[in-house]
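Peer 1: One letter stands for each residue in the lines below.
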Amino acid sequence: MSDAASSPPAGSWLRTLPLRLRVMARHAPTAFAGALIVGVFALLALFAPLISPHDPMQANPYDVLKPPSGQFWFGTDGAGMDVFSRIIHGSCLAFGIAVPAVAVAMLIGVPLGLFAGYRGGMPDEVLLRAMDALRIFPSIILALALVAATGKSLGNIIIVIGLVDAPIFARLVRAEVLSLRHSGFVESAVAAGNTRWRILFIHILPNAMRGALAQSAVRLAWSIRVSATLAFVGVGVQPPTPEWGAMIRQGAEQMVTGEWWVALFPGLALVLLVLGFNLLGDAVQDWLDPRRRTGVR
Amino acid sequence: MSLLSIEDLHVHFVGEDRLGRPVTARALNGVSLTLEQGERLGLVGETGAGKSLTVQALMGLLRAPARLVRGRALFEGVDLLALDEAKLNRLRGAAISMVVQSPKTSLDPVRRIGDQIVRIQQAHAPVSRAQAWRRAIDLLEKVGVADAERRAMAYPHQFSGGMAQRVLIAMALANRPRLIVADEPTTGLDATVQAQVLDLLTSLVREEGASLLVITHDIGVVAHYCDKVAVMFAGVIVESGPVEQVFGAPAHPYTQALLAATPERIEAGGKAPRAGLPPNLRALPEGCVYSDRCPIADASCRTEPPQRLLALGHQALCHHVAPQREALA
Numbered sequence: 001m002s003d004a005a006s007s008p009p010a011g012s013w014l015r016t017l018p019l020r021l022r023v024m025a026r027h028a029p030t031a032f033a034g035a036l037i038v039g040v041f042a043l044l045a046l047f048a049p050l051i052s053p054h055d056p057m058q059a060n061p062y063d064v065l066k067p068p069s070g071q072f073w074f075g076t077d078g079a080g081m082d083v084f085s086r087i088i089h090g091s092c093l094a095f096g097i098a099v100p101a102v103a104v105a106m107l108i109g110v111p112l113g114l115f116a117g118y119r120g121g122m123p124d125e126v127l128l129r130a131m132d133a134l135r136i137f138p139s140i141i142l143a144l145a146l147v148a149a150t151g152k153s154l155g156n157i158i159i160v161i162g163l164v165d166a167p168i169f170a171r172l173v174r175a176e177v178l179s180l181r182h183s184g185f186v187e188s189a190v191a192a193g194n195t196r197w198r199i200l201f202i203h204i205l206p207n208a209m210r211g212a213l214a215q216s217a218v219r220l221a222w223s224i225r226v227s228a229t230l231a232f233v234g235v236g237v238q239p240p241t242p243e244w245g246a247m248i249r250q251g252a253e254q255m256v257t258g259e260w261w262v263a264l265f266p267g268l269a270l271v272l273l274v275l276g277f278n279l280l281g282d283a284v285q286d287w288l289d290p291r292r293r294t295g296v297r
Numbered sequence: 298m299s300l301l302s303i304e305d306l307h308v309h310f311v312g313e314d315r316l317g318r319p320v321t322a323r324a325l326n327g328v329s330l331t332l333e334q335g336e337r338l339g340l341v342g343e344t345g346a347g348k349s350l351t352v353q354a355l356m357g358l359l360r361a362p363a364r365l366v367r368g369r370a371l372f373e374g375v376d377l378l379a380l381d382e383a384k385l386n387r388l389r390g391a392a393i394s395m396v397v398q399s400p401k402t403s404l405d406p407v408r409r410i411g412d413q414i415v416r417i418q419q420a421h422a423p424v425s426r427a428q429a430w431r432r433a434i435d436l437l438e439k440v441g442v443a444d445a446e447r448r449a450m451a452y453p454h455q456f457s458g459g460m461a462q463r464v465l466i467a468m469a470l471a472n473r474p475r476l477i478v479a480d481e482p483t484t485g486l487d488a489t490v491q492a493q494v495l496d497l498l499t500s501l502v503r504e505e506g507a508s509l510l511v512i513t514h515d516i517g518v519v520a521h522y523c524d525k526v527a528v529m530f531a532g533v534i535v536e537s538g539p540v541e542q543v544f545g546a547p548a549h550p551y552t553q554a555l556l557a558a559t560p561e562r563i564e565a566g567g568k569a570p571r572a573g574l575p576p577n578l579r580a581l582p583e584g585c586v587y588s589d590r591c592p593i594a595d596a597s598c599r600t601e602p603p604q605r606l607l608a609l610g611h612q613a614l615c616h617h618v619a620p621q622r623e624a625l626a
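Protein sequences, first through last, are from chains F and L. According to my numbering, the first sequence is numbered sequentially starting from 1. According to my numbering, the second sequence is numbered sequentially starting from 298.
Please note: incorrect hints may appear among the correct ones.
[Said to hold, decoys possible] Calculated from the model, a selection of chain L residues having no Cβ within reach of chain F, i.e. all distances over 12 Å: (1) 304; (2) 320; (3) 439; (4) 590; (5) 595.
[Claimed, not checked] Output of the computed footprint for chain L on chain F, the stretches with three or more beta carbons under 8 Å from beta carbons of chain L: (6) 176-189; (7) 197-210.
What the hints contain is simulated information worked out from the structure, not anything from laboratory work. Positions of the beta carbon are idealized from the N, C-alpha and C atoms, including for glycine.
So here's chain L without its partners, still in its complex pose (with noise of 0.2 Å):
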């Protein structure tokens, strides 16, 4: 049994145009992927491909107008899009814990950065507060605050981003959790603090043995971080599979694109892909979610694509992909 296991997953956004006819704008179509214990996964995509939706839908935070029309998302075998209020929070900030991108605005600001830390663990289980202090400290010191019992008496706003992050890290740590869900953890920090960031979290996330589905729009954070990686276009996952092979020898027209328009590939006299504009979620293309773009799309990319298996675990979404690669599986 995966740790992990989202299948078939569908959010769609209903509105309203000016007229008042329904519209339905398709966020999610039929996401699948899966994480097995002490995994590291990379969901990598453009803005508004549904990574954070995704995540939003597993953590029970999708809010009007977006639904959820169907899919599961097994965790330990538990659908957790079926569980009511009451045992989701039993799981969430406990089993599976999220760091949230803007560090700075995700920490209450008129609480201090232990109290905050104590909560969290008193939210989950009957822990004195001295004890939860010092498990707090612990915490802090392990994600490298320096000075950490002084620190710990300060509110958010005296911290910066970087160091609000490693809060975050901390508090996501606090109840020893299975999955830690990260969200574009690095956002906003500079480059040196973004590489520290996320050398914390997946040495510590090793350190636990806990598994990680970390959310980015870098690839190079993915092929550094990760053993796995899913990329997403139009809330569908188009190529999944281990790192090496994915970025190795890339299957999806999508994702070969995406690989192309890497800076050094540029630099190295690679010609840059043809952009495109990003896909109408409201008028989504027959068939293949990538077709109006794909510059290899033909008349059966009208068509819904198969699943094509190309090496063990490797997956990609496409007509086209080469038979004999497949047949290598």
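Just chain F, same shape as in the assembly (with noise of 0.2 Å):
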């Protein structure tokens, strides 16, 4: 019971991590798990050109699909150029198309749950409808067909992941505002004088985003998932640009004649992030919830 309050001062949050990461990996490994995948291929993507032994981009017509080996760990592709460095530039692109793409999604879908959650009525109706509308096509074909028309282009692929994306958002948003608009303390904050905005931005927006940001993990891998897609069909980044959707195609070709390291460790890499954002976005959830967030975190 008399934990927030006691809870130790800021500079101390870095000298206890040691001690609360031991703490999280043997009472939600899962969730450490998920946090681990996550963090390394984080501190990848940020010290790429640190990291890798090669140009990513580098075509190299003596050493072309190369095995595995100690130059080339995960050999070489079809230009020569390394399929090591090509991975690690490409958590790079990675997390460069989820988070903005989800940020989108996020600025779209949670304001207009917000509004129709709070006005109801025929606005409300309207956006339901439309969101059905989106949720008619399967989103992966969606987000084809939208990039294949505006082009393909980065920016056009983030803005359309996250329009694909918002409805999401807005549902959740709009379900916990719904639950929230005739909770208990919404009553007493109009009871107590308080205005419609200040009560929708101050008691409703804070309570209704904990959903959102619980999801906000699983988005990412659900982005990082499309973005690959697109890739692989095509209409995504484009080689030689290093996005493991489009590496797995290039590789791919090369199945076939026997040079599997081409498509699978980009496919590897793939799996492994959406993996690890799933096991952070479940431990998210749990966490989010106030009532847990007490002792010994």
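If you follow the hints, you should be able to join the two separate chains into one complex; please do so.
Peer 2: Structure follows, in structure tokens:
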């Protein structure tokens, strides 16, 4: 009962980090694994130029399709580019597309959901029907069509992924707002003479955001998957830019002739990062519940 | 001028039945009551009598399908029911504040306790955060939260029900209200905590010179903590007056039945009255709303009952109140 107030001052956050990581590894191993995977990939992305042993876009006609070796850890692809370096730089792009895309999705979805849920009535109905209409299309097909129609630039890919994902956040926030709107503390806030705007932004939004934030890790995983899919079918990021989906596509052609490493390693990286985000997403969901925000974490 | 004067308040619930025909439930049917400065009034009645609804109408909390049909609620001469939202917001939370039931759900789960007491002050006056925070600590100490400075940093889920109710009382007092409305402030608390919370509430109300309107279905609470009582049945105040007169010489058959039904009287050998069904608000009887359940109802009860003045401030809404008692007034 006597915790939050006695939580250590901010300065000791870093000092107690190793301890808290150990506690986390013991009590929430899946969360720990997710955080570890995402953390490692984030570091790879941040320090990509320092870590990668070769230039990821340097074609080398003398080292085409070399199997994994001491010099090329994951082998080389059909243009003689180092697969290991390309995977490291690919994580840059994975984060670089997924994070802004989810931000776009939240920027569109959260205000819409907030407005629709609080306002109710006609605007709510219209929004819901529009969202349903969007959901009729399989989201990947929709993203594919939109990118094909608007052009393959990185900016377009980010906006389209965000746009296709926005309904998820809108629905999530709307559902939260609907239940919050008539909750005891909102009713009390009304009785205490707060204006609608104050209630909406001070009391409803922070509570409604919890669900959206918890979903964000899962949506990051989804965005990475979609951007890889777009690249794989050829409407996303174009080779020779090191994008995992594009690399898998290139490698798929070599699979039949026995050069398995070109497609396998980017595929593994993709699976691992998506898995990491999903594990993390589950953990965040638990953690964001303030009733659990007690004791040592 | 009374501090609060509710006049002829009618609220209906309007809906549709399965065939789409409009159905009206007459939830409040002419509620009138007055409350003077410094008085403590208890509003009692069974579930569904309209106690909470009366207060909700007062605070501007009615929402569909509830509909205000007519009536006035004058607070210091200003009709609360006719105010627009902005003007009402200036009053509620400041001059009139409310302590609700279920304290645990009435605090925002993601904000610290102290922060919530700060915000209710900032909603009404341009006070600095530091100043508001100091007052929040003062208020928490006043309502008996030990170690207030540390507890102000805690989140609502770290408080027990009784403690959360104390926090709500602190919030209600924050802007020095002239009227505090408490809607079953002790529901869900155990008996000793109930007494503590009520003692605290009434003593602070007296200290601040405010008036208190408390809703309860516990007659003991009214007898112990209130100056005046209003007994409600089916959206009508059937009897009201000073506590000792209403409970000492209940005039309305419903008040009599209510008092006879207290465990103490039944234990003392009294006969438990026939309970009867809760009134059907969609088909209230003509005339007196209590006539379907009343043991002494007769043909005259099919007409509107008169408001009989029995003593100073003591009145009952009934055809059959003994005339000689009326003459005493």
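Peer 1: Could you run down the list of hints and mark each one as holding or not?
Peer 2: Hints versus structure:
1. Residue placement check: residue 304 of chain L keeps its beta carbon more than 12 Å from all beta carbons of chain F (closest about 22 Å).
2. Every CB of chain F is more than 12 Å from the CB of residue 320 of chain L (nearest about 22 Å), matching its label as outside the interface.
3. Look at residue 439 of chain L: its CB is around 18 Å from the nearest CB on chain F, clear of 12 Å, so calling it non-interface holds up.
4. For residue 590 of chain L, the shortest C-beta to C-beta distance to chain F comes to about 32 Å, beyond the 12 Å cut-off, and the non-interface label holds.
5. Against chain F, the non-interface label of residue 595 of chain L holds: every CB pair exceeds 12 Å, the least being about 43 Å.
6. With 6 residues carrying a beta carbon less than 8 Å from a beta carbon of chain L, the region 176-189 of chain F meets the three-residue requirement, and the given coverage holds.
7. Interface restraint, the region 197-210 of chain F with chain L: holds (6 residues with C-beta to C-beta distance below 8 Å; minimum three).
In summary, the structure agrees with every hint in the numbered list given earlier.
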